[in-house]
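Just so you know, the protein sequences line up as chains D and F, in that order. Residue numbering for the first sequence follows this note's numbering, beginning at 424 and increasing consecutively. Residue numbering for the second sequence follows this note's numbering, beginning at 4 and increasing consecutively.
Quick caveat, the hints were computed from the structure, so don't treat them as lab data.
Simulated DEER-style distance windows between Cβ atoms:
#: 1; chain 1: F; residue 1: R958; chain 2: D; residue 2: G884; range: 56 to 62 Å
#: 2; chain 1: F; residue 1: T257; chain 2: D; residue 2: K800; range: 33 to 39 Å
#: 3; chain 1: F; residue 1: A638; chain 2: D; residue 2: K918; range: 45 to 51 Å
#: 4; chain 1: F; residue 1: R778; chain 2: D; residue 2: P565; range: 38 to 44 Å
#: 5; chain 1: D; residue 1: Q943; chain 2: F; residue 2: L535; range: 49 to 55 Å
#: 6; chain 1: F; residue 1: Q861; chain 2: D; residue 2: T958; range: 33 to 39 Å
#: 7; chain 1: D; residue 1: T510; chain 2: F; residue 2: L466; range: 56 to 62 Å
Now the stretches of chain F that chain D is said to cover, found in silico as 3 or more residues with beta-carbon under 8 Å:
#: 8; region: 585–596
#: 9; region: 658–670
#: 10; region: 777–786
#: 11; region: 806–816
Here a beta-carbon is modelled for each residue, glycine too, at the ideal position from N, C-alpha and C.
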Amino acid sequence: MTDSHEVRRFRTAFLVALTSAVGFAIVAGALWWRLDRSHSAPMAQTAPPAAASTSMPMSEGNATVQSPAASGNEQLTEAPLAPIQLTSLRMQSIGVQVGTVESRVVDDELRFSGNVQVDERRLAYVQTRFAGWIRALYADAPGDFVRKGQPLFTIYSPDLMATQQEYLLAKKNRAAMQQSSVDGVAAGAASLFDAARARLLQWDIPEGEIAKLDTTGKAISDLTINSPVSGYITEKNALPNMFVQPETKLYTIADLSDVWVSAQVFQNDVGRIKPGDLATVTVDAYPGRVFSGRVDYILPQMDVTTRTLPVRFVLQNPDLKLRPGMYVNILANLPLGRHVVVAASAVFHTGTRNLVFLYRDGGNILPREVELGPSVKDGFIVLEGLKAGDRIITSANFLIDSEAQLQAAAGAFVPPPPGAGAAAAMNAPAQTEAMIDLTTDPTPPQKGSNTIRVRLTAPDGKPISGAQVTVALFMPAMPAMGMAAMNTVIHADDKGGGFYEGKGQLGSGGTWQVTVTALQNGQSVASKHLTLNATGGM
Amino acid sequence: MIARVIDWCAHNRFLVFTGTLLLLLAGIWSMGHVPLDALPDISDVEVIVHTNWEGQPPDIIEDQVTYPIVTALLAAPHVKAVRAQTMFNDSYVFVVFEDGTDIYWARSRVLEYLQQIAGRLPEGVHPVIGPDATGAGWVFEYALVDHSHTHSLADLRSLQDWRLRYQLETVPGVAEVATIGGFVRQYQVNLDPNKLLAYGIPLSVVIDRVKASTNEVGGRVLELSGTRYMIRGLGYLRSLADLADVPIMAKNGTPVMVKDLGTVSFGPNIREGVADWQGEGETVGGIVVMRYGSNALTVINGVKKKLAEIKASLPPGVEIVTGYDRAGLIEESIRTLQRDLLEEAIIVSLVIILFLFHFRSSFIPILTLPIAVIAAFIPMYYLGVSSNIMSLGGLALAIGVLVDAAIVMVENGYRHLAERQAAAASESVVVTESERRRTLIEAAKQVGPALFFSLVIIVVSFLPVFLLEAQEGRMFRPLAWTKTLAVGFSSLLAITLVPVLMVMLIRGRLRTESVNPISRITQAIYLPVLRLCLKYRKTTLLVNLMFLLVTFPLVFKLGSQFMPPLFEGSSLYMPTSLPGISITQASQLLQEQDRILRSFPEVETVFGTVGRSDSATDNAPLDMYDTTTTLKPRAAWPAGMTYEKLILDMDAKLQFPGLTNTWTMPVENRLDMALTGIKTPVGMKIQGPSLEGIQQLGAQMQQILSGVSQVRSVFAERVAQGFYINVEVNRSEAAKYGLTIADVQQAVTSGIGGMNVAENVEGRERYPINVRYARDFRDNLDELRRVLIATPAGTQIPVEQVAAISFSRGPAMIRDEDGLLTGYVYIDLNTKDYGGFVQQASNLLKQKLSLPAGYTYQWSGEYEFETRAKERLKIILPIVFFVIFLLLYMVFHSVTEAMVLIFPTFFAMTGGLILQWLLGYNFSVAVWVGYIALFGIAVETGVVMVVYLHEALDRRLATGVPLRHEDIQAAVMDGAVQRLRPKLMTVCAVLASLIPILWESGIGADVMKPIAAPIVGGMITSTIHVLILVPVFFALMKERTLKSGTLQANREMGSN
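So that you can see chain D by itself, here it is in the shape it has in the complex (with noise of 0.2 Å):
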């Protein structure tokens, strides 16, 4: 063996040991690499306990993160209200309806129960102011209907016969004195006459009778006592033979023409009734009737057992449906005047806040928070936020909200390009989508006009020409700032050899969300979504 073999035996070797070292380095490297990435991030991240003290401070971190133990747990901080835009064929897919809100009268109700009773005012008791014996008896059952001056029983009084017989000889005496030329003797028995008529008509002798009195010159023994009013029997205590005393009750007799309502009203209702308002009253008996009436008076004094306050209402009753005793339902219609009014529909409670979806034209939408009044019927009074004439949304509020926070979470104002849903892209080999590059003048954009070029090239690194590029910049409200959503978009111009340019004016410095969209024949070539820091005030 040579030398010259020696070392070409040894280059040999040599070359294929490096041989199969390198391609092992590479290959074992190539797959360590790739299994590698994922983990050296960190799989979960923990709190350090050092962190629980520390809050952020403003000035060095990103303003609209805060930290959940800072802004403290108890009150959730709800999404700021961002304005939505939805093109029709969106809208009518979940049937969105728009409405106006009106200003016109409104009556509240309120609802309760309470019972007919006898109007107190259309009540009469007959009772005689003499005691004595009855003796026919002509109304003789309960329920009766009785006509005013319809004859109801005769009675028969000692006392009577004997204020008549005083009568009779007063009267006698009086003839007979009336010749008198004694002083004072016509007069006299003039005056005692006059005293036994006034004491038959203070014990409310019919003048017939008195007159029949006068006429037939006997005392009457069965005196024919009249009723006073017209009316139903809703009591009777009279029998035959039945010894009357001035204080025993004979009949109570109800006129129903008229009768009151009385309604238990809750405490906390009190307030909203007053005298005069109108209400509607429906009883089970008969379906589909309604009375109309009207609150006549409230009572000074709540009901201490049942906590409420009796409100009387007086209702006509021509045709006597109404009995007393009846339980009735009262539906009272309570003015309130003239106020704006949205339909319930509209209003979407979030729990902390009232909303209302005010629809601009083309398609935008912008959530409005409203201070509401009572409920009036299918409505609210609005206090605040809206004002007649202005169009809102009457349906499907939920999915508007929920669109509204969506969109501002994604912080993009433009509506996502068709097929940006979650799986397309799942399944679907990575997109060879053109590629978009963003540059402002000046740099960082500022508060007010800036120019904004994009420069966009095919994936093989062409440029591309006359596409539609547009630029939509959008920041999120901050209400913490009384700031509103701002959004400009930009139609950014060919300028050829792939560049586009164009100008808009930025309302205000700090971060822009910014979503750049380009379109080619009507197709998206490319969309990007980035941040801007621009600079300038708030």
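For this one, chain D is given, so just place chain F on it according to the hints.
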């Protein structure tokens, strides 16, 4: 030893045939009994504890039910994780056990632990454990369609609940039949509070009276004249009128009955789900849930048979339509794989026939192929491995390898005999029968051990796949099993059946290899190339190294994912709204969606549901839609339409404001939801002490991450965004009326909420009886304020006087993982590079997010599996290499040779990478499994080459003449070129066998292609490497040993 086996078998034909026949019969029997499914069930061993507490909001259920259950179960043995989800009405606790835990054992443990806390739960709340099934067991869904429009939704629901359900549950393998949609009929007592007030009857009295109004009792027996009469007290409600006449109290002998206080009617019970058929309107749906480990196809067929039986007895006009049927997917995918297997077998057969050019000889490997495949089913049956895309795919991968041994053996026998015949012919004698037999057996014995060993290499190098754990393990173990088993059987057959068949079939006039046209052509091409390469060795090495260097950067261009998605033939549209959507609104949207979906010409049927069914395996909140769209076969689609394009089109048309669209496929989704609950590949789980904090943290993350360029959409769950109306008792006010908190709350539960106070029995059916205020008296906030409460004084006051009623936000759905409150963030990426994104996002979050004390977040989703699988692969791949190296060392007893032979794996990988890149497949576990399979095969071909080279060299050494430099080269040329045919045959068999998979477009191909692609691509480059580089290396090595004077015959190959 192996030679002895060959010898013995060749002399005991009958026994070998009997054994083969028995094996075949057992295999065929097993084939018929192995369960069928589309994909292996990769879900965890999971027990679901479902607690229904009607009418209760999530936070109340979480505090009083879910949390106690979760904390109790955390301590149970072998529990890996406890996840819980609490929604309105329902609490679900998912207890995940360690892999390999017996499900029934696990269920007993859960019951045991539930027993412990039974006393701590609120009255009337009874947790039940769900069926022994998972969401992945939803194999069949149907809807009831009423063409006559005479049956109400309540009627259809009754039909489903009381007739269909129980009949279908009798089908073996059905764990549960769940109902979704429609109305549960309910006896409703709608009270007028004003009347209660008027009569002075408190609500509680009505409830008590109604409760006591429906029952039947027994009164033992009475004997009368030798007959035994059974006494019973009747009292079930027979009609609504009976309910209306239930007396509540009596005043002066006048009874006050239910009808005096309100109305009675049939109405719907509270609903948590809606079903829709084709956008035609609401309907009632049924979901057949398959028992864990059952044969999906048998279950579905059983269900269909049962439905056909029931069909005749359905009310006129009512039809049962299929909403989802996994049978199609299973049958299609099995059919695809079967077709592939058949095509592979045919192609492999053709390759063999072409190369051997002798039909009878080719018959030997062709015959052993099906025997090995069929025999593989025997252990499959006993191992409980189901027949699915993965296990059949394992067979498909193995086919090319299966015939290797037989091919080489037959080829060797053929060649020896042909040479013997040629030699005999030149001496003009005829080879005698006994000589022929001896020659063949000798030939078999010559290559037998080496072949057996190379098959062992293939098997052993694939074994590390068994080390995959959890989901990926469950997914790929069936494949590993079948591949290993089939190759194992084929090695067994190679040393038993093949020698016997060789003796029987290789006979007659045989042409020598030089006459074979294929051999001649390939040799004519190969010879000059090899000569050139041997001449310019360094250039050859350099070119190859360059190739390696150029190709490997492809690694960085490819993305990675957990599993390639399987096209299932149906799609699942799952838009999500924010929590709090009302069922009416949800139902409206559902119908609109279904109408749009149905308008696509590719769509066969649309079965939409929103919310959840009454199954414990269904934990969808009301804001989640679940619309199954069965697609027509691809042939019926308009030209040029692809699934991806179709989904894009559908997505474009279904842009509903307020909804976030998700498109997935039924099986994929059920598995994803069951495994992590996160629908997107990457997600985050935020844990912390308060839901509000979690929501805010989520919102901040959303804001931070939406700026990252890879993010297509990010959505943090609004965990705290449920809508609540709070009735908050003012204690001092209530005290004035002598009311306790409970009194006021009773008004909330029974007056507003309405209680199902009793259940009426109607034959087989049972319906709840509900008492509540009439709708007018509780359907707006103003009316709610006037719900009356009876005070102890006997009066009734509106609730407003003692409680404040207000709107607020609160938890919509509460997730609880291992006892900690949790919220999810879903991130949809426009890149496949999860790892890079996660790293970037983590840094960003670290910078911008100040994490409050007690809050943690972690990355999750499919990404979690991918990470875990990668971690595991980092262990597996070195093991694979080490095992291969060890085996090679055992063959050659030389580290250098083993090193040289490891090389084919890298060259194989380059080809795999190129093809993977060309086809656009991402790295996934499937691809890695393909590579692992490839390494084994590549090494095996290399081994065969080296064996032949050694053989040629040994032959020259055997002559005893001292070898020269040129002799080695000549020996290399000899070994490489002369034995080209068997090598090309094995390689072509492997390559050709996988080509049907690559061009396959049927269902199931999506999963197989990424496994097959690396093998196909790799085989091409590794063959080039084996044919050119191995001889070059070999020559270099041997020349070196020649120079050092240590060259001698290979000990290993010569002996045994």
